[in-house]
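If you're matching them up, the sequences are chains A and B in order.
Going by my numbering, the letters in the first sequence line up with residues 1028 to 1245, in that order.
Going by my numbering, the letters in the second sequence line up with residues 3 to 245, in that order.
Hint data in this document are derived by calculation from the structure and do not stem from the laboratory.
None of the values given here were measured: they were computed from a predicted structure.
The beta-carbon is built from N, C-alpha and C at its ideal position, and this holds for glycine as well.
Among the hints, erroneous ones may be present.
What follows is a list of derived Cβ distance ranges for each label pair [as the list claims (entries may be wrong)]:
no.: 1; chain 1: B; residue 1: G153; chain 2: A; residue 2: L1047; range: 44 to 50 angstroms
no.: 2; chain 1: B; residue 1: V240; chain 2: A; residue 2: G1095; range: 45 to 51 angstroms
no.: 3; chain 1: A; residue 1: K1075; chain 2: B; residue 2: H67; range: 37 to 43 angstroms
no.: 4; chain 1: A; residue 1: G1042; chain 2: B; residue 2: K14; range: 41 to 47 angstroms
no.: 5; chain 1: A; residue 1: D1170; chain 2: B; residue 2: M142; range: 54 to 60 angstroms
no.: 6; chain 1: A; residue 1: V1076; chain 2: B; residue 2: S152; range: 52 to 58 angstroms
With the Cβ distance kept under 10 angstroms, some of the chain A side facing chain B (calculated, not the full set) [what the hints assert, rightly or not]:
no.: 7; residue: S1056
no.: 8; residue: A1072
no.: 9; residue: R1100
no.: 10; residue: E1101
no.: 11; residue: P1122
no.: 12; residue: A1181
no.: 13; residue: V1202
no.: 14; residue: L1206
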Amino acid sequence: MEACGSSSVSLREFGCEQSLLSRPDGSASFTQGDTSVLAAVYGPAEVKVSKEIYDRATLEVLIQPKVGLPGVRERSQEQCVRETCEASLLLTLHPRSSLTLILQVIHDAGSLLSCCLNAACMALMDAGLPMSCLFCGVTCAIDTDGQIITDPTAAQEKESRALMTFAVDSKDRKVLMSLTKGSFSVHESRAMSAICFRSTIRWFFFRFYLHITDISYF
Amino acid sequence: IKFQHSCFFLPKVGEVLLPGDEFCFQTDDTISLTDPGRPEKVVCGPGLRRSGDRLLVCKSGVLRHKQPNMFWMDSQQRRYVPAKGETVIGIVTVKSGDVFKVDFGGSEQASLSYLAFEGRPRGTVGDLVFSQFIIANKDMEPELVCMDSSGRANGMGVFGGGGLLFIVSLGLVRRLLAPHSEVLADLQQLFPCELVLGMNGRLWVRSSSIQQTLVIANLLQSCDTMTAQQRQQLFRRVAQGAL
């Protein structure tokens, strides 16, 4: 991903495929450059009595890393994804049922959390779960020169002094979730969020994904 | 004085829409004294929610419209959510007390009372039941009955010897149940068979031989994602090579 000036934003090539798995109720794979994540959604399904909530659905998110067992880092990423999904899903329409979202990391080449968020949104759409808005994730990094880079690669992330991931909703363009790492000034954080909002406008031309499942009714 | 109203959503019927999209319905204040008063009532179907005078989309799909004022989202789904009045195929899992517990593929099992049959309830654990929902909302346990409002079975009840149960997407079942369905017309030209369609995505088929039953089941499962041309090509190939 190139370093950008104040007016231009460029993202790596991104792609998405829906309904590629036959067992889950919804599935999607999202690719940003070399980073690739596969998401699967099951639900609304039966829930254990210990986990059921009387007026809402119980959402569970599991992130499986490429190698090894999930650890503390995956748990914190799961919490970010879960809070974003809970803010945009209409959970009150399915009380006492469970929604399970499983994200499998196929390859991590930078901006993993934003790729997970995008794959999650695509899978939830594919499963036909009722949502109040769509959301997308964007990662921003500040390198040692003070330049702001969107959608950084793994090498750029390592050399950066600050990293921010935002989840933005499609209706009001407001921030649903933000995760930050490193040190940055207030001015830099405002600049990064402005750049992220501008880049999210491009993500929201998702209409062509629906033409993948364009089936002629009647 | 003319009665005018401007609808912002009519041009969008037939378009693909995403969750979060909104429509606005505005009427001018002038009302004609000679025209009959038309109440602006809009019926929201699946995938749409009402908030004030706006309609919010909550599922991605194609917007459909039926005269005079019904709107709904045509979307693809595999998971069934029970709705009152729909007929489904369920599997009996528990026979206890005076109630059957039936698994229809939803988030909880439905109950089917022994008294909800036309004659004697005949069924054991593992049988297939074709019934309709009489109670199906998000707050209560769903309930099924095997008779209509006048007490007749009307095709519902326990069934199943000699056939095959398989699962397809909900969209395919709706297309098969539509009036003048093209898929059903193509299927009728193949070989005679008995078909039970459950709106929960479960189909049951029985034909004169096991091979024909399997052929029909495989055809229906694979024509889910095909265009009309591809499907007709496939059916023609099977009809020519049919054993």
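Status of the hints after comparison with the structure:
1. G153(B) x L1047(A): 44 to 50 angstroms: holds (47 angstroms)
2. V240(B) x G1095(A): 45 to 51 angstroms: holds (48 angstroms)
3. K1075(A) x H67(B): 37 to 43 angstroms: holds (42 angstroms)
4. G1042(A) x K14(B): 41 to 47 angstroms: Once the Cβ atoms are compared, 27 angstroms apart, the range 41 to 47 angstroms for K14(B) and G1042(A) is violated.
5. D1170(A) x M142(B): 54 to 60 angstroms: Given about 57 angstroms between the Cβ atoms, the range holds.
6. V1076(A) x S152(B): 52 to 58 angstroms: violated (39 angstroms)
7. S1056: violated (17 angstroms)
8. A1072: This hint holds: A1072(A) lies near chain B, its Cβ roughly 5 angstroms from the closest one there, short of 10 angstroms.
9. R1100: violated (30 angstroms)
10. E1101: Check failed: Cβ of E1101(A) comes no nearer than 26 angstroms to chain B, outside 10 angstroms.
11. P1122: holds (6 angstroms)
12. A1181: This interface hint is violated because 31 angstroms lies over the 10 angstroms limit.
13. V1202: violated (15 angstroms)
14. L1206: Interface hint status for L1206(A): violated (23 angstroms vs cutoff 10 angstroms).
The structure fails hints 4, 6, 7, 9, 10, 12, 13 and 14 (numbered hints given earlier, in ascending order).
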